[in-house]
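A.B. asks: Heads up: the sequence shown begins at 62 in my numbering, then just goes up one per residue.
Check each hint, because a few of them may be wrong.
Straight-line alpha carbon distances no greater than 20 Å define the calculated SDA-like cross-link-like pairs of lysine to any residue that follow [said to hold, decoys possible]: (1) Lys144 - Val259; (2) Lys412 - Val487; (3) Lys200 - Cys334; (4) Lys267 - Met62; (5) Lys231 - Lys489; (6) Lys489 - Asn473; (7) Lys501 - Leu409; (8) Lys267 - Lys412.
Don't read these hints as lab results, they were simulated from the structure. Treat the numbers as computed from the prediction; the structure is a model and nothing was measured.
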Amino acid sequence: MTLDPFAVEVIRHGLSAAAEEMSLVMTRSARSPLLREAGDLSSAITDAQGELVGQGRDIPVHLGAMAYTVREVLKVVPAATLKQGDVLIYNLGALGGNHLNDVKVVRPVFFEGDIVAFAVSLAHWPDIGGTWPGSYLAKAIDTFQEALRIPPIRVATADGVSDAVVQFLKLNVRDPESCEGDLLGQIACTLAGERRIVELCARHGKDMFVATLSRLHDLSEAEMREAILALPDGTYEGEDFLDDGGPSDEPARVHVKIVIKGDEATFDLSGSCDRVSNFCNTTSFIARSAVAYSARIMSGRDMQQNGGALRPLTIITREGSIFEPGLTAPVAAGNHETSLRIVDAIFLAMKHVIPERLSAGGATTSGMLSFSEPRADGSWNMLYEVHAGGEGARHDRNGCSATRVHLTNTSNTPAEVIEASYNIRVEKQAIRWGSGGGGKYHGGDGVVRSYRVLAPSMHLTSCVERKLIPPFGLSGGEPGEGGRLTLLRNGVTTELDGKLNLVLQKDDVVTVEMCGGGGFGPAV
62 MTLDPFAVEV IRHGLSAAAE EMSLVMTRSA RSPLLREAGD LSSAITDAQG ELVGQGRDIP
122 VHLGAMAYTV REVLKVVPAA TLKQGDVLIY NLGALGGNHL NDVKVVRPVF FEGDIVAFAV
182 SLAHWPDIGG TWPGSYLAKA IDTFQEALRI PPIRVATADG VSDAVVQFLK LNVRDPESCE
242 GDLLGQIACT LAGERRIVEL CARHGKDMFV ATLSRLHDLS EAEMREAILA LPDGTYEGED
302 FLDDGGPSDE PARVHVKIVI KGDEATFDLS GSCDRVSNFC NTTSFIARSA VAYSARIMSG
362 RDMQQNGGAL RPLTIITREG SIFEPGLTAP VAAGNHETSL RIVDAIFLAM KHVIPERLSA
422 GGATTSGMLS FSEPRADGSW NMLYEVHAGG EGARHDRNGC SATRVHLTNT SNTPAEVIEA
482 SYNIRVEKQA IRWGSGGGGK YHGGDGVVRS YRVLAPSMHL TSCVERKLIP PFGLSGGEPG
542 EGGRLTLLRN GVTTELDGKL NLVLQKDDVV TVEMCGGGGF GPAV
């Protein structure tokens, strides 16, 4: 059919607005501070085949994976078995997924009897069972120690929310009331998406809506091909390292070989290390998410991210590697640590080709700290907090301080909320002045935050990377300062490992000092 280009644009922006509204509904209705304050959530809309067509301004690593999640689910839950009002919940990494804390809720959207789209909500649950509160076990030997694994099941139908499924979930997490509140928020979020999609179909007609989704894929594919064609043909290689987890707990290698040929690009990650000995393995879908983000940066264009933009990209992983470690491998930290090493390796591979589009190394770590306190009723009160660092400098400016970079896009939980909700006092929150690398343009500075435990005890989980291998400088710029994690107990300060599980005592003070970004260009 002939498509009115103005109508195509109206529908395109309507999809983006619908996804944005979904995220706002989730933020305002969630129970956990991690979701309502820090915003560790994302929303997306796919077409009837599960190809991404709309997304909120959320977290890139989530959104890249959601380009695959519905498509994978439809392989095990055929579209023909779905009915209007059905809502699926699942968290399996094998189904286009992330780590197990990232719970997906998916609603098929029907119009005139046919599925025309899917509304998808992803939210990080502060706990989803497993060995350690918060579902992060640094030395987990398998994923069964990490968390409850949920296959695609109907959490709601046209008759309402399934009480049996909700009760099953609540009995397997440590904060059941927050779990229920967050889940209901996700269901409401997808309902908001359904409402807007149906309005678009009613306004423009089902055929026009469906044809427009196909057209959007084609437009993004053409734009990505044009951008790749503008890059010089060749083979480019780069590598970066996680602080540990490799053989004999040495740094774990992430390697990429990029082949640009005409209007297509291949990203080969098979030269990366084997499955690591901690929770920094990840799924192939997270690897694809990181590559998709990097390809957009390489393109130099603000194109719409959808299934079409991925068509010119070939992404290769290797069975048994850190990016394809097997269905039972621990993967909790892979979302926000290992994925970012891919971005860094790609930037290093392309640093001599498109330096004007790249930044020096930034705080490519979550700097995650999770505090968990048992309540008298047997449940747990859990704070999951990530920390900002320095952005790498660019060819024409200094890096920003106290920010998130690349695949992450969460906010900090305000100190007032922490102190009102947990037996914790935030004793310090400041810029880590001078932590950015020098150069013609300086890297941004990281942050410092100190937490004093006021309860008799608390369980701590940490995931702080870039302690041993700091953010790199580009074009002669200096590296940023590495991260640091310390414990003050009884007047004695001890350096802590970046990835650990530890029981804290009353009046312990945990301090995280986030790394600064690298500089760009030699100092003048």
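A.B. asks: For each hint, tell me whether it holds in the structure or not.
C.D. replies: A quick look at each hint next to the structure:
no., hint, verdict
1, Lys144 - Val259, "holds, 15 Å"
2, Lys412 - Val487, "violated, 40 Å"
3, Lys200 - Cys334, "holds, 18 Å"
4, Lys267 - Met62, "holds, 12 Å"
5, Lys231 - Lys489, "violated, 35 Å"
6, Lys489 - Asn473, "holds, 14 Å"
7, Lys501 - Leu409, "holds, 19 Å"
8, Lys267 - Lys412, "violated, 46 Å"
Of the hints listed earlier, those the structure fails to meet are numbers 2, 5 and 8, in rising order.
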